[in-house]
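Visitor: These are the residues of each chain, in order.
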Amino acid sequence: MYLLCTVGSVYIKSKEAPAKDILKDLVEMCRGIQHPLRGLFLRSYLSQVSRDKLPDLGSEYEGDAETVSDAVEFVLQNFTEMNKLWVRMQHQGPAREKEKREKERSELRDLVGKNLHVLSQIEGVDLDMYRETVLTRVLEQVVNCKDEIAQCYLMDCIIQVFPDEYHLQTLETLLGAFPQLQPSVDIKTVLSRLMDRLSNYAASSAEVLPEFFQVEAFAKLSNAIGKVIEAQDDMPVIGVVTLYSSLLTFTLQVHPDRLDFVDQILGACVTKLSGKGKLEDSKSRKQVVALLSAPLQKYNDIDIALKLSNYPHVMEYLDNGTKKEMASVIIQSIMKNKTLISNSEKVEALFELIKGLIKDLEGNLQSELDEEDFHEEQNSVARLIQMLHNDDPEEMLKIICTVKKHILAGGPKRLPFTVPPLIFNALKLIRRLQNRDENVAEEDTAATPKKIFQILNQIIEALSSVPVPEVAMRLYLQCAEAADDSDLEPVAYEFFTQAYLLYEEEISDSKAQVTAIHLIIGTLQRMHVFGVENRDTLTHKATGYSAKLLKKPDQCRAVYACSHLFWVDDQDSIKDGERVLLCLKRALRIANAAQQMANATRGSGGSVALFIEILNKYLYFFEKGVTQITVASVQSLIELITNEMQGENATPDPTADAFFASTLRFIQFQKDKGGAVGEKYEAIKV
Amino acid sequence: MVLVLALGDLHIPHRAPDLPAKFKSMLVPGKIQHIICTGNLCIKEVHDYLKTICPDLHITRGEYDEETRYPETKTLTIGQFKLGICHGHQVIPWGDLDSLAMLQRQLDVDILVTGHTHQFTAYKHEAGVVINPGSATGAYSSITYDVNPSFVLMDIDGLRVVVYVYELIDGEVKVDKIDFKKTTASANSAH
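From first to last, the protein sequence lines are chains A and B.
Per this note's numbering, the first sequence runs over residues 77 to 762.
Per this note's numbering, the second sequence runs over residues 1197 to 1387.
Please note that a few of the clues may not be correct.
A partial selection of chain A residues facing chain B, derived with a Cβ cut-off under 8 angstroms [stated by the list, open to error]:
{"no.": "1", "residue": "Ser409"}
{"no.": "2", "residue": "Met411"}
{"no.": "3", "residue": "Lys412"}
{"no.": "4", "residue": "Asn413"}
{"no.": "5", "residue": "Met463"}
{"no.": "6", "residue": "Phe500"}
{"no.": "7", "residue": "Gln554"}
{"no.": "8", "residue": "Gly598"}
{"no.": "9", "residue": "His640"}
{"no.": "10", "residue": "Ala734"}
{"no.": "11", "residue": "Phe742"}
The hints are simulated quantities; they were obtained by calculation from the structure and are not laboratory data.
C-beta atoms are modelled at their ideal positions from N, C-alpha and C, and glycine is treated no differently.
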């Protein structure tokens, strides 16, 4: 038979008889070999040898009577017969050797597929011929052979081998074949591949897109998938998700403006997933994450994802760990695109989506999350809070309240990360309110500084459950300053009270106390809203705290810092020279005590640095014109220091030396300035 | 020519999500020899990011910094100049030049870099120069209204330092520069 084929091909070449007749004969004659394996190889040879002799368009074998249809007919017949032989192999031999047979078959599949390849190569096969003849016949064979292996391979082959334009135009026919296939065929993979090909086709150029609309590709694919899933009731979840994933990619590529399509897909996914409980295996989860990430990547705008009503429903099916993963993906997308989220509904929807990060979800046992990872996670939420903004104060306040509601449910571990950014976002709002027109009536708006301060108070109070007194104290002081700017004396006083209480009751670490005291003094020094009584109370307390710090040098420094509480340049009512001097003298006494202690415990004088610092403060107030700071007092301090440094017990201290030297240089420099300043300093002898 | 980047008060993530993109694209690794940071980063991620720009990183502690072990003050010598760093919340009144001058005398440095007020300033007085690089992210400050993101780049060359300040105003980066010369005699006039 091989010989016959060879002879036949030569005969065709000689053109002594029409190609079509010879080909017809050959293909018929091969029927004589019914043994599957031999038949397959024979026909394969026939195909090979006849390939270049087909009466194709423009080929030398074309004639009036011989056309492309004949070529096509030949190949189709060969294909049909080969497939029959191939399928027959499945049923030959004992049942126990089935696996071996299937393996053999799979090795031979290319032989059958080759025919389709040849068909695709025939120039004369245009869309119409494909649609009318080729596809119909091929599909007929595929469906009728009722063989799982053949169907799966051949469907895939069709998709790979023929051009995408053809697939688009014959979509209905092609898709119509799927439900007719054997139930065990892995339709989802084939369908997915088809959709991926079409997606790539759509991506290749914008000009092809109208074609898609014209053939209503989306509707057809969507229906087909629906039918397949319905037919295969026990399809595993990952199958369903993969199918919808491919459809989604396709949709995002072809119909990016049709959010309703996207939502439809997600909805179908939800329907199919319902009743299955949360996804167990990691592959499914990964696929769902990919499914949900696709719209984020495509649109680069979280607003769009928030509009998809089924988006959160899909997320419900993820286990807690994956929910958090997805939440991180969402936040990263927002941060990357720097999108601001501008109203409270969107914020609400967003925080629902990322709730895995915001609070402990039910069933979440002690999270084994690494501490560093947890910090990173919470810091990303903190950054997210900075991205919530609306110029309209009313709306902004709504946003703040929405966030407050969510983060207060977060538990003590999360609050230290989420509260500060919310507070500062709110303080920014308050400042905006201060800047705007004073004439806005306060009664009918919800967004007034006073009301916002009340909310802030509640939020900071929540920190006491953690507890993080140092952070809370800083936030109270920030709010106090903001209240000062808004001229709300009672509010400011209340915040100071809270800060002081925290200092007294909760902050016991020495180093923390030193910093805290400086923050208190620094803030208080800037306040202008307090009346005399309130200010006195707060100042008195502050100086008290200062004197009670543990280490003497710290005490000294805090006390002389307090001197500034009694002299504020831009507030004439706060210029109390007497109290300034008292503070400085107190600081001196403490410095002395520190010296003596050092002498007693270490046998040598402690650093004179404190004295030099105090001297500098004297000079500060001297220059400001505080009358109680006399030339004499400055002079005696200078002498004291000089003596100390030259004394027998003195320990060499280059830092102090340099400090003193530069201070004296400063005095000299002021003298050299001349004028009023020069006169002042004239009396000081260095 | 030695380039020293001075910045601080980023307050990430409490008050700002990130450095402005325009600044980030300017801060390319390998071009800067030293970084001076006044503090209030506030988290480790920012520290790591700064390290990638230049490994020679000097930071002092701000009151919101997560890392509590940064020093309160730091001094270093670059070329002919002695520099001092301090966040500034420790110096009361906040932002007061005379009090900062006292710190400068105490640390005995030519250039004092402090922050806390989020307001860029560069003062010259008889003891030297006091520079505040402002807030690199334009973070909210109770002390300064309308903060624009800013940072400082110092070009130290022999006895001269040129201070370039980069400010992000309405989306555009504006640059200004100030010259300082170190002399042993009386001071030059400030810009």
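Visitor: Take the hints in turn and mark each one as holding or not.
Guide: Structure-based check of all given hints:
no., hint, verdict
1, Ser409, "14 angstroms, violated"
2, Met411, "7 angstroms, holds"
3, Lys412, "10 angstroms, violated"
4, Asn413, "11 angstroms, violated"
5, Met463, "6 angstroms, holds"
6, Phe500, "5 angstroms, holds"
7, Gln554, "6 angstroms, holds"
8, Gly598, "5 angstroms, holds"
9, His640, "5 angstroms, holds"
10, Ala734, "4 angstroms, holds"
11, Phe742, "6 angstroms, holds"
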